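The chain contents come next:
Protein chains: 2
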Amino acid sequence: MSKRISSTEEYEALLDSYDTWLFDCDGVLWRGDHLIDGVVEVLDILRRRNKKVVFVTNNATKSRKSYKTKFDQLGVEAHVDEIYGSAYAAAVYLSSVIQLPKTKKVFVIGMGGLEEELRDEGITFVGGTNPTDNTLEPFTLADFTLDPDVAAVVCGLDTQINYTKLSKAFQYLTRNTGCHFIATNEDSTYPSAHGLLPGAGSISAPLRYALGRDPVCTGKPASTMLDCVKAKVHFNPARTIIVGDRLNTDILFGQNGGLTTLLVLTGITTEEEITGPNPSPIVPDYVTQALGDFRVVETVT
Amino acid sequence: MSKRISSTEEYEALLDSYDTWLFDCDGVLWRGDHLIDGVVEVLDILRRRNKKVVFVTNNATKSRKSYKTKFDQLGVEAHVDEIYGSAYAAAVYLSSVIQLPKTKKVFVIGMGGLEEELRDEGITFVGGTNPTDNTLEPFTLADFTLDPDVAAVVCGLDTQINYTKLSKAFQYLTRNTGCHFIATNEDSTYPSAHGLLPGAGSISAPLRYALGRDPVCTGKPASTMLDCVKAKVHFNPARTIIVGDRLNTDILFGQNGGLTTLLVLTGITTEEEITGPNPSPIVPDYVTQALGDFRVVETVT
Numbered sequence: 142m143s144k145r146i147s148s149t150e151e152y153e154a155l156l157d158s159y160d161t162w163l164f165d166c167d168g169v170l171w172r173g174d175h176l177i178d179g180v181v182e183v184l185d186i187l188r189r190r191n192k193k194v195v196f197v198t199n200n201a202t203k204s205r206k207s208y209k210t211k212f213d214q215l216g217v218e219a220h221v222d223e224i225y226g227s228a229y230a231a232a233v234y235l236s237s238v239i240q241l242p243k244t245k246k247v248f249v250i251g252m253g254g255l256e257e258e259l260r261d262e263g264i265t266f267v268g269g270t271n272p273t274d275n276t277l278e279p280f281t282l283a284d285f286t287l288d289p290d291v292a293a294v295v296c297g298l299d300t301q302i303n304y305t306k307l308s309k310a311f312q313y314l315t316r317n318t319g320c321h322f323i324a325t326n327e328d329s330t331y332p333s334a335h336g337l338l339p340g341a342g343s344i345s346a347p348l349r350y351a352l353g354r355d356p357v358c359t360g361k362p363a364s365t366m367l368d369c370v371k372a373k374v375h376f377n378p379a380r381t382i383i384v385g386d387r388l389n390t391d392i393l394f395g396q397n398g399g400l401t402t403l404l405v406l407t408g409i410t411t412e413e414e415i416t417g418p419n420p421s422p423i424v425p426d427y428v429t430q431a432l433g434d435f436r437v438v439e440t441v442t
Numbered sequence: 142m143s144k145r146i147s148s149t150e151e152y153e154a155l156l157d158s159y160d161t162w163l164f165d166c167d168g169v170l171w172r173g174d175h176l177i178d179g180v181v182e183v184l185d186i187l188r189r190r191n192k193k194v195v196f197v198t199n200n201a202t203k204s205r206k207s208y209k210t211k212f213d214q215l216g217v218e219a220h221v222d223e224i225y226g227s228a229y230a231a232a233v234y235l236s237s238v239i240q241l242p243k244t245k246k247v248f249v250i251g252m253g254g255l256e257e258e259l260r261d262e263g264i265t266f267v268g269g270t271n272p273t274d275n276t277l278e279p280f281t282l283a284d285f286t287l288d289p290d291v292a293a294v295v296c297g298l299d300t301q302i303n304y305t306k307l308s309k310a311f312q313y314l315t316r317n318t319g320c321h322f323i324a325t326n327e328d329s330t331y332p333s334a335h336g337l338l339p340g341a342g343s344i345s346a347p348l349r350y351a352l353g354r355d356p357v358c359t360g361k362p363a364s365t366m367l368d369c370v371k372a373k374v375h376f377n378p379a380r381t382i383i384v385g386d387r388l389n390t391d392i393l394f395g396q397n398g399g400l401t402t403l404l405v406l407t408g409i410t411t412e413e414e415i416t417g418p419n420p421s422p423i424v425p426d427y428v429t430q431a432l433g434d435f436r437v438v439e440t441v442t
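Protein chains in written order, with my numbering: chain A, 142 to 442; chain B, 142 to 442.
No lab work stands behind these hints, which were simulated from the structure alone. The structure displayed is predicted, hence computed values, not measured ones. Hints are all accurate, no fakes.
Just so you know, same-sequence chains aren't split out, so a pair can sit in one copy or run between any two.
Restricting the straight-line Cα-Cα distance to at most 25 Å, the calculated cross-link-like pairs of lysine to any residue (SDA-like) are:
# : residue 1 : residue 2
1 : K209      : T281
2 : K211      : L282
3 : K211      : R172
4 : K209      : P279
5 : K144      : Q396
6 : K211      : T281
Chain A on its own, in the form it takes in the complex (with noise of 0.2 Å):
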């Protein structure tokens, strides 16, 4: 059962037995453009009280450096490099793990963000933003030339999904002996600023179906995404904790991982999800109602 904390001491011992702090952004800083009330006050106490802070998200349509601005606007310190994006997982793992060769060639179904991840890792890449495959136009494979090094197919989520882009990908997936199936993530909804809406899993669900064939994911859960935190931050996963408001992809992610989780309820998962009587099997370690809980601890001081 997860611990409910609230107490200044409880809120002390978790600051004090957790060097590396990792958080998810949506749900955790803020909901869609309206930040969190308390998030920059925690973070600052976290910083100066020398603690490593990374950001972990599945967001994939930007990139780590588009994603910066965002903390910017909402006046919450970060730097590029602590950003870690389900794109730039996907690239990392195009790159590092496939190690795609130079002469091979991605499909996107993404956005700019995805792209630019893709590019930064020295990916060559066609579809995502290109405007010949932005198009409600009709589709026929008479007029279609399939590229034979086109290796892999990378799906994210995609605003301007269509029925070219998912019948290109559909093709490589098919016909491009041992052409790679990968996606940012697997996030079945994203909340927007005025609720929820159809995430990066709904976009690439088309091709799970009619392949019937599940891609690799990169994003939350899958440890794809802790693999790029490890590459660049040395932490010691017993003295790290992990902060989301969704259950089957920060938490499990913490758990698979084995780093302590905290489950916060500003998000996605609701009070009724972990102590009504139908449980998540998917235990966090601890809740708390809202990061800025934390703020008591300097109060008191």
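Place chain B on chain A using the hints.
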């Protein structure tokens, strides 16, 4: 095990045993825009022997009326009242099974043929081919007004699929209490003239994934389509046979309805799938290479 038929006597015996002949179309009568050899002659033999002929298609992009023009173009005799499509089955399901009140509406992901069938059943709909919903412009909930009268989402093959349609459908299915989720059919792919493309099942897949919920399907193998046929055609299941090229739609549909099943190998299913080391668990009663094989009964006479 299926019986492989090959002799004139065996074809004659089948013709004697069944009064009503149901046919899948794509992969049985034609492939894309190419008529399969011998089809016109065999249908002619059936009609001359006073067999009842019924065409049962999962194609939901065309109404029965517009599907008839396909028969005409390929020189295959057919009458509108012999054609049953999954779009028609969806419309009948809404009007007769759900009995959608006249004040309620359907949000459509699909094309003109589906709209035509809904209109013919007196069902009010939004979405579909409406230019407002056929766009790649960004979708934001801030500009969206939930129509409280939308009581069902019906989803067929839609080559104009886009994020606006998916997002609106997701809103209705999550925010309008009791909103029905209906798919014309679950086909993962469909055979275009130049090869396989993602099918109607792939178009509803993002909603299935985002909702964590499956739609009610009205096409084969669901019984809804057979209920539509039964409502118009009197037939004795014991003397009725269905000819199809797909095990998990046509043959399963026949088995679910207590009909005899005949697989042809001119479409999706390969010889390997029925006689190979890992045969499908769906076993048709009979197998023949092509519908045209039945011509042998006239060559002899």
